[in-house]
Structures are given as C-alpha cells and as structure tokens.
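Novice: Chains A and B, in that order, give the protein sequences.
219 is the number of the first residue of the first sequence in my numbering; add one for each residue after it.
132 is the number of the first residue of the second sequence in my numbering; add one for each residue after it.
A hint or two may mislead.
As the list claims (entries may be wrong) - To spell it out: a stretch of chain A is covered by chain B in this simulated footprint if at least three of its residues, at any positions, have a beta carbon under 8 Å from a beta carbon of chain B; those stretches are:
no.	stretch
1	226 to 238
2	312 to 323
3	672 to 678
In short, the hints are calculated from the structure, not lab data.
All residues carry an ideal CB built from backbone N, CA and C; glycine is no exception.
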Amino acid sequence: MNCEEFRDRLGDPTTLPEVETDDEAMRHVAGCEPCRSWLAYEKQLAGGFTQMGNRQPPVALADRIIGIPAAELRRRGQSAPWWRLWRRSWWPAALAGGAAVLFLAVSLTWLTAPATSPVPAGPRAMRAAAPTPAFEEKAAPAPSPGGPAASTEAVSDTAAGTPAEPAVPPTAPANPAGESVRAAAAGGAAPDGMLALTPPAEPAAQAGKKTSPASEDSSEETSAQATTAFLLAKVESAKDAPPAPALALPPEPVSLGLPKAIPLPLPPLPKSAPGREPGPAAGVALDSADVLYDISPSEAESADGGMPIVRGRPLDEEGETPPPIRVAKAQPAETRPRLAPARPADPFSPKVSPSGPSASRGERLLREGAGESAAGAMAKGKAESRESESFQVARAPAPVFAPPPPRSALALRKETADHRGATPPRDDRHEKIEAVMQEHRGDIREGPLDINQWVISDWISVKERIFLAPPPNFRWVAVKRGQRWEASLQQITP
Amino acid sequence: MTPEELWREATRGSQSAWEKLYAMFGGRLYQFFLKNTSRPELAMDKTQEVFERLFRHREAFHTGSLKTWIFHIARNLLIDEWRRRPRQEVLADNPPEVADPSVRVEDWVVQKLDREQMIRLLDTCLPQLSEDDRVVIGLSYLGGLSFPELAKVMEIPLGTAKTRVRQARLRLDRLLMAGLGREGEKEVA
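One chain only, chain A, in its complex shape (with noise of 0.2 Å):
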C-alpha cells in the first residue's frame, strides 16, 4: 500500500476504523511519518464531528419527537376519512357487493322482458315485425280518400297485393314541425304523435311498369330505398336541427326510452308459409320524437322516390302502444345505510387522550427556570402515562404516591416503564451513572462518557438519558478508583 492508497480509504470518514485494523495499513503508517499524521488528523477530524452529533440536543425536543407516534395515531384517527374506514371493517364490503347484485337483478330483468322491445333487432325479428294479418286487415278496408291517406291507400294496395300507381303526391302535406301523412294507412290504428315508416313505392310503379308484389326482387329493393330515404331524411334534418339539450331529465316515472326504428331490408318470407302472401316490408315503427325534422318528410320522399311517413306511436303485434317500463326510483336520503364509525377494538383508533405532549414543554421550563432534574421528571411523568396510554395495552396501574424505592433498588435495570420510579435528587445522578458504570464495568473506559451510546446500547432509556444530563457547559467523566468506577461532573472549559 502506497501513501495515495492510503489516503484514498481515509476519505471516507466510514471506513476509518477498518483502516485502524487492517494490518496492511498499519504496516504502511508505521513507516510513513506523513500518513501517521494523516491520520492522527482524520481521526482528530472525525472525533471532533462525533463529539458534535452527540451534542445532546434541547430537552424539548426530546419529548416533542417522542410524543410524535402518539400524536401522529392521534391525529389520524380524528381525520381519517370514510373512504380510510373501508378497510377495518366488512361490512361496506358487503354492502357494495349487495348493491351490485342488485343493479345486475335490475339490469337483467330489464333485458330479459320480452314486451319492452317492439322493435326487432335481426331478421327474424324484423320477419316479426312485419304486417300481420290482423295489422294487413286493419290496413286493407281503411277508407281514406285523397291527400295522406292516398300515399298510404297505395301501401295497402301493394300490402294486398295490388299493384298500384304511386299516389305520394309531391306536395304532401308540408307540416313545418315534420308533421307527415296521418297512419290511416297503418290500419288507422296508429295513434297520433308517432311516425310509422312505410316502404316507399317502388320506381318500377312510378315508372308505370306493373310489378309483382310477391316479386322478391321488388320486395328487397324497396326495402333498400326507403332506407336510403329514410336515413338522407335523417342526416338533412340533423344538420340543421338546433342542438339537443343537454342532460335533459326525464320526467318521473322515467320510461325507458325505445330504441329507433331502423328500417333494414327485410328478407323475404319463406314462400312456403301458409296463410301469408309476401308483401312488402310495412309496418316498422318508429318514434317522431327521436327524428329531427327541419324540411318536410314529402321533401325527402320526393328526393327519393316518396318514402312515407307516418306520424304514430310504437306498435307492438296487436297493434298498441306498449305500456311505459317503469325503472326503480332512487331510494330516499333517509332509508339509505349510513357508514358506522370505526369499532373500539381497532388497534389504529385513537386511544391516547387529548393531553398529549406539548410542544411548548421545554419552553415552560426555560421559563420557569427549572433545572434539568424538572425536566427529567416531567420528561418521566409525561412520556410515562403516555406509554401507558398508547402502547401498553395491559398493564396494572401504578400507584400515584408511590413510595420512593430504595437506594439499593437504584441499581439499574433493563427498561421498562414500572421500573422507573419517582425523581431522585440531583445527586442521584451520580449514583445511576456508578450503577450504570459499575454494571457494564468492561466497556467503560476513563475519560468523558458518551451517555448517548448507552442507550443505543440499551444500558439506559432516553428518559434516563434526559434525566443524567449534565447541566450545560458540563459532561460526564468516569474516573477509576482501585476497582470501582466514580463518575463526575467536568466543566467544559470555554
């Protein structure tokens, strides 16, 4: 080893009591008068430093820091918010769980009425929902003379099976508010306030060309028409259409809303059904309310081919109107669980009682003037009943005037609260650092004592320690007499 090796592994202040010994470096200091200095140096450096950390810091912040679990769990319990509670008791678990099985019951429910849904969602339903007979004999006979009713008079003709001149007159009635051909057509059952979308004729028709209504091929197309009229209408409309507004609440009983009506091409029925004639694909029902109409419905059956209209509400097979489905209403603010505070037996809550450590400790006793033996048996009482309080759950109560202990019990013992009896006199002191000395006798060296480490050591409790401080400007020095250790108080030379 060189003198910068050496010197390397002094920098760090850490490592200087391997450095001490690790023969290697010994061997390199004994014969290198630079690097013996070096070192008397480093260790004089780091002596200096560990003198100054153990610089026993004011007595009151001693007791506010140890006062800090108490306050600290004391505080938590008194701001612990609802959410915190979750976890120290079952039963908001079960309740959460009891309202999602309820809200799946309730969903279930809801998708699984077959009444709820007048509006087939796939080709089977929409075969469903194609003119029944009873709606076809309710349509056929309805006498409607002119005007609306003639569009629709030449639906119940291709409904029938009569092919018929399309009779969709251009200028159908051009209601502003979207108010479109009346549903006599649709078997005059149709109350008012609701669209009945009915195929459109066919351009064959227009054309003058006589078509075969159990044609497939003029079934389909249509079909493909009125939904391409339908769905201009729709995008026309909504482009001019003043913005819905926003988040409106439904009025009480809320009645789930119906989903639209999209005309789709129908498949054609099987030929082979008896007691059916194909025809075309009628009587898909649909909601004014969810069209937004700003030109008139004639204009976009004018555009394409002439798509009627009808105002109506939601048919189901026998022709009414379904009745509203009610939802549950929210359950009143009074019948609702509350949350339960936290349980006694909870080993968070807060025990300690509200007298906890004061801050303001040490400030008293400067003011007052007391001498480091109040502060120490403050310090005691305080943190005692604190302890006592907080941490240890079962144990017997000690006496409030309890008889001072004997001067042969001073001997200390391990720590532990019981153990540690009423203030002694200043010159006790002397004594419990003797008994102290006495007791660990092999690591006692001459010299200043460094009390600190003692109770790092666990020789002592940091109550001790408040309770052996010197006063200021004094430490603690064990002296040897023949074979027993006496301590005394040195003054510290300025």
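For chain A, the structure is supplied; the task is to place chain B on it using the hints.
Specialist: Just chain B, lined up with the frame of chain A:
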C-alpha cells in the same frame, strides 16, 4: 440492534424502540440542521419534521438503509428551507490566506488542538463553507454516511460523491488552517 430492526419494532408500536431511534439519530440530525441553518429553533423544527415524516410514511420503508432514508428526508427538508430564503455569502469560495502554506494541516491540528478545541474550530469553520459543502460534510461526517450512501442520498453518481467530499474536505482543511492561524495569533497576543 440495528436501526432497521429498531424501526420495525417502532412501527409495531414499541415506544422504547422509537426512543432509541431518537437517541441514535436525533442528535446528529439536530446538529446537521444546526450547522446548516445556524438557527437552533429551526433546527429543532426540522429535526422534529424528519421524525414526523418518518412515522407518517412508515409503511413506505421496507428495505434498504434507514440511515440513508432519514438523511434523505433531512436533505430534502434543508433544500426546501434554503429555497425559502436567499442564499448567504460564504467564505469558502475565498478562503483566508494561510500563513505558511508549507505547513501541513495535520501537523497543526495534531500538535495544537485537543478535542474540545477541535469542536470549537469546527463550529467556527463550518458556517463559512458553502451550502453544498456543508451538506456534503454534514452528511458524511455528522450523519456517518458512506460514499455509496451519500451518493444515494444526494442522488448523484458514486464518483461524483467522492469528488464532492474530497473538494469539500480541501476547503474545510484550508478554513481549519486559517482558523488555527487565528487561534495561534490569539494565543501569542
């Protein structure tokens, strides 16, 4: 018992373990803040704040060195405090002239100083260091952090930590030399 074992005991509710932790780190933390702020009241408050944070976030510490964690908190608090007030002029950037540069600091210190004088001299010289140097010296010598621990606390690479300690030590040595010179002059006078 190691600090980490004490910590585990303290988090389980042992008041005596908590007190031992205070005995282990309280004085060093207080001196660290005192040397860096020169205000005893503020040093007390900051020391208390370190322990409060420790306890409040006790679930955050699982592995590693408790000492590193404690001084990490202390350094962050100190930096926060420095941000609140303007930086102070320091002497370390322009240290006083040394009477005889050929004389080595170790010879002076070893020959002239006992331990108490050394502490007094350190008390005089530390406030003259720059804030960064004070933090490095405080963490390394007062806090007893090794180079890897210092690098972790300062959030710098290991080599940078070594360099910073070395440079801070050089400046401290020069201040000690100058202080010793003044002490010698006083003695002569």
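Novice: Each of the hints needs a verdict: does it hold here or not?
Specialist: Consistency of the hints with the structure:
Coverage of the stretch 226 to 238 of chain A by chain B holds. Counting CB-CB distances below 8 Å, 5 residues qualify, and the rule asks for three or more. Residues of the stretch 312 to 323 of chain A with a Cβ under 8 Å from some Cβ of chain B number 0, which does not satisfy the need for three, so the listed coverage is violated. Three residues within the 8 Å Cβ limit are the bar, and the stretch 672 to 678 of chain A against chain B gives 3, so the coverage statement holds.
Comparing the model with each earlier hint shows a violation of hint 2 alone; every other hint is respected.
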